[in-house]
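Could you slot chain B onto chain F? The hints should help.
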Amino acid sequence: MVWNLIALLSILPLALPVLLPPLLGEGPWDLAGASRFGLVLLPWLAFAGLPARPVRPARSQRAASPWYPVALALPPLALAAGLDHASGLLRLTWEGGGAVLLGGPLVVFLWCLSTRATLGRRAATQLQAILWLLLVPLTAALHVALFWAPVPLEDAAQPGALVDWLARLNPLVWCSRWCGADGDLGAAAGALPILLGVTLAGLGSVRALAARGDGREERET
Amino acid sequence: MRVLLLILCLASGAHVVRAPGQSENRLWWADFDLRGPLAALRVDCGEDGSVHLDARLLSGETRRVSLPLPVRSPLGVEGLGAVPTPRIEVPDASAGSARFLSWSTPQPDRRYQGLGPALRARTRPPASEPRSAAGPAQLALLCATGCLLWALRRRALWLLPLSLLAALALFFLAGRQSDSTGVTEVLDVAADAPAACLQRAAVGTLELPTAHLEVLPAGRRLHFRLTLEGTRIQGTVEAPAATLVGMDVRRARPWSPALPPPEPLAAVWFRSAAGTWAPSFPWPDALPALSGAAAGAPPGWLATGLPPGRTLLLGQSAGDPERWIRISGFPAP
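Residue numbers (our numbering), protein chains in the order written: chain F, 1 to 221; chain B, 1 to 333.
So here's chain B without its partners, still in its complex pose:
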């Protein structure tokens, strides 16, 4: 009897166990009542982060909007009631006001949860971190500047101009040292899923997703910078040096060898249900350049953790090398 009770207790908590590779959602929407004139608004969520909204409401204008908040709710939607009410600050001394009403229902995360465990467990796309270390050339310039300043330490007329010149040069050289990071995007499709999942990953800054947001390392403070365009909220998520992964739910379209791909693909890999990989795919009419050509091995992160015993199609966009597609259950040719 005790064993049964223990199993029941464990099972009751199973809904909070996330699929491997998942982190908790950091995108929860709340309803606010805004009254103009209101130029900007700041919502403080404590240690979880903050939201800055450019509202641009005119005098007498009222608006009820849903704003995303970066709060942590380990129990998901059910745990939102225990999340402390965020603090609202109106920076400018206008007569406008803002009031927290309630957590939005339904939450957009419900659409992401409705995709099913198979799609939600897909590996997250990688986001390359920018190199931010000084190079040997910059260190050499720094040392040379130091030696020169030491030699001129009693000549006030030369010290500051030389120092400022070196400082400007080093500042701009540092900016060129770092690699720019783009966004890695993958569209995950399952033949039996009601919708597709678009995952976008970046380091530091990401366009605000609509359904689900994860951050690594977990618990990092997030800042949302939003603008209110009519009733639509647009913005970005910022978390310096953290990996951000946003998920949007897309309508599922039928995939078939008889239909052309939605966009030109630079490389295609097909895995049969038996597990054999082929570097090209019989879409010769749509992809004449790839017909019979070997595209090399697919990236490890793209091909990992996919269900065995099902056909798989992986593709890389020809327009953007950081845009990928991953389809399970693709009809075999």
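With the rest of the complex left out, here is chain F:
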């Protein structure tokens, strides 16, 4: 059910420019200049790793396939990517859009896999919950707070500064850097390896904990 809600949220940027003008007249619905792919990707980046309640193994057998969230995310992402490519916002080169076209869905895929792997495993679920809190909402909030703090903006924006590192660690901040009309796709491509590395390292530890829990259960039985 959660995946369906995320999917509905993700198609809003595609549906609103079509549905709202007949109802509310002309307005800022066309999102001119903003990347539709980024707007569709954003809910998946935010909620794909949402902490789930530990489910008993019997119920986990009736859960949807682990590929279901990935399958649900691909069509709206492809439509949004096609619209961006047709309007020149994204090109099929690494620094011109290829990095975000591949990297964004890959981050979503890793979180979806990890969520599925933690079903029925309390310790692994808790570890993923902590990781999600750290890597998604907390670092994003810190990034926003740094712009409120009395830090000179030119220092904050320098490569190597804390703000720059948060943009490499946090998928939401990474997405926001290239999603807008003046987004920097080159910088997003440069930050992608660290984002993927951190995500892999964190979720790999979740996976290892889940596998260790499986091994312990097998020994006990």
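These are calculated hints, taken from the structure and not from any lab test. Backbone N, C-alpha and C fix where the C-beta goes; we use that ideal spot for every residue, glycine too. Be careful, since some hints might not be right.
Which residues of chain B face chain F? A few of them, derived with a C-beta cut under 10 Å, are [stated by the list, open to error]:
(1) L57
(2) G135
(3) R154
(4) V203
(5) E238
Derived Cβ-Cβ restraints for the label pairs, each shown as a range [stated by the list, open to error]:
(6) V144(F) x A318(B): 53 to 61 Å
(7) W94(F) x A191(B): 49 to 57 Å
(8) L216(B) x A129(F): 43 to 51 Å
Below, chain B without anything else, positioned relative to chain F:
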């Protein structure tokens, strides 16, 4: 005395006031020293944009070239000294190098400024923005795919192939949804101007102009993709979803009813000095099909803001409907 000083201060800043409809120039040329082997080069101008150059210099080859940079200089040529030196990056691990020498003198923008305020104040040609919204058919396909995936959510064998198929279909349908945009071109001529101005407008991508470049909204980051052909620089300007207007200065040719037009025209409008418009023009020998025919009203953007009390000739090319001509001071027939 204070009023006089105030007037003097205001007048001293008047040279930076641009004519109505003008934006600041985003095309400033700088001299670089390139040493081979050098395949490619990237110049980072910070928030203003970047330049990528395919240099293809061989080992031992040196070249001094002028490269265009998309920097902002609100004070024009005089303000270039305050613009930060751009950062140069050589992507590949070659032994070549590149060095910023200085801002070029004279700047090609000087030729554009020399056209005079009347030509520089002409309205910019419009550039249509591509439609990039999903259509109802695509949304319907998206919803149908979602429903099908929900029904098959426990069958892993069907999920991914179906999803990939739908994704491919939607990607290509989105590409057909968008209208392709061309370049709108207008040649502005004034009878008393030393040269003519060719304006070219497009959304997103434009061939690199030589004299002057404007972007709307102002301040948008620009990317130049250039190739070095001998000593000649060619390339394109990119600014996603922004309107780009490039100006080139052309040699003025004499215009007269006795001389044929430089190319076949599909429509011609003539305005007399008294302000009356005529949909055709007495070029019957060159344009027999148009003789006496009404061509409708000229486009609003083409006929707006032109000097009153002077004759005007507006024309649309027969070969390309997005190519126009606008001449003030055309000799009356």
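Here is how each hint holds up against the structure:
Taking 10 Å as the C-beta cut-off, the interface hint given for L57(B) is violated, the closest approach to chain F being about 22 Å. With 10 Å as the threshold, the beta carbon of G135(B) comes within range of chain F, its nearest partner Cβ sitting at about 7 Å, so the hint holds. With a cut of 10 Å, the hint placing R154(B) at the interface with chain F holds, because the nearest CB-to-CB distance is about 6 Å. The criterion of a C-beta within 10 Å of any C-beta in chain F is met by V203(B), whose closest approach is roughly 8 Å, and the hint holds.
Interface restraint check: E238(B) against chain F, minimum CB-CB distance 8 Å, threshold 10 Å, status holds. The supplied range of 53 to 61 Å is met by V144(F) and A318(B), whose beta-carbon atoms lie about 57 Å from each other. Between W94(F) and A191(B) the beta carbon distance is about 52 Å. The supplied range of 49 to 57 Å therefore holds. The hinted range of 43 to 51 Å is satisfied by L216(B) and A129(F), whose Cβ atoms lie roughly 47 Å apart.
In summary, the one numbered hint that this structure violates is 1.
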